[in-house]
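Asker: Sequence:
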Amino acid sequence: MPSVEGSGGRIDAYAAIHSGRQLERYRYEPKDLAPNDIEIAVSHCGMCHTDLHLANNDWGITAYPFVPGHEIVGAVSQLGSTVQGLKLGQRVGVGWLAGACSVCDQCSSGQDNLCLNGQPTCVGHEGGYGTHVRVDSRFAFPIPDGLSSEVAAPLFCAGITVFSPLMRHVRANMRVGVIGIGGLGHLALQYGRALGCHVTAFSTSAGKGNEAKRFGADEFVHTATPDALKPRASTCDFILSTVTAGLPWNDYLSLLRPGGKLCIVGVPDGDVSISPFPFILGQKTLVSSVVGSRAEIRTMLEFSARHKIAPQVEVFPMHDVNSVFDRLAANKMRYRGVLTNHH
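Numbering (the numbering used here), first residue to last: 80 to 422.
Hints are supplied without guarantee of correctness; some may be wrong.
Claimed, not checked - Label pairs and their in silico Cβ distance ranges:
1) 275 with 306: 25 to 35 Å
2) 104 with 285: 37 to 47 Å
3) 401 with 357: 38 to 48 Å
4) 347 with 84: 40 to 50 Å
Hints listed in this document are in silico derivations from the structure and should not be mistaken for laboratory results.
As the structure is a computational prediction, the values presented were derived from the model and not from experiment.
A virtual CB, placed ideally from N, CA and C, is assigned to each residue, including glycine.
Use the sequences and the hints to build the structure in full.
Answerer: As structure tokens, then:
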């Protein structure tokens, strides 16, 4: 493993000092390295819309100064005294969680992503928009050689967010629908194809049809066309909604076959309202999913490397973070932005 320089107890980062997207250079003293902790010299960090929401305190949970970033890839630069399975210089990645309690029912049953005392990587904790980050080593994952760092970074949030519900609910030869061809959806199409499913992409953007098929869609439906969904009634076993816009939920439920499932991973505007009779008579299910467990992340990385699944990324130097944030806010990213400390 190559030698990697540690932070020396001071980490340079970019932070929102007050509510708003404009980030400023920020230096902080990290917490002491606990026995199970590692420090990572950040080489790449993906940009997620969640970073924007948190910088703006849209969800009312942000403490300032706020250092975003939860799609982190880098090399281990320091090891706590009891860390096992990782080495100095090893390339690892970190996603939404930087730690969990490891003793609750959820952690004990392998669902550590549902731990009520979990430590998000960038909520009440400095994230990856900086030179280094410190996390619980048990939430840092070795990256297969087949995945480049700029491709691997978005997999730790966008990738696992769509991979875990597909793995839980889908089997080969199912008919899968993906709503929204963006940062999440373009990966969901790839995973659906690799799982052996017939995949239909649903998008309001007519221009994404060819790209959707390149990513793995067998069919493309331009949903801005009047009555576009009606001919598709009872054609899907599973539908994954990746969008943040409010949707005509009953229209999408009508696309499900009896016993089908609608899974929400994008956080929609407003409430999700459905009519009970078609829902009940079709014995349909509304489900959700939040990132993934440690076991699911490991499986996702191996699966992605084996099937050559990769997000389409745009790579920018870390110091351009504000202009890139503006590009992300304007929905101009195709399809995931990645910041890098490499020159």
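Asker: Going through the numbered hints above, which ones does this structure break? Give me the numbers in ascending order.
Answerer: none
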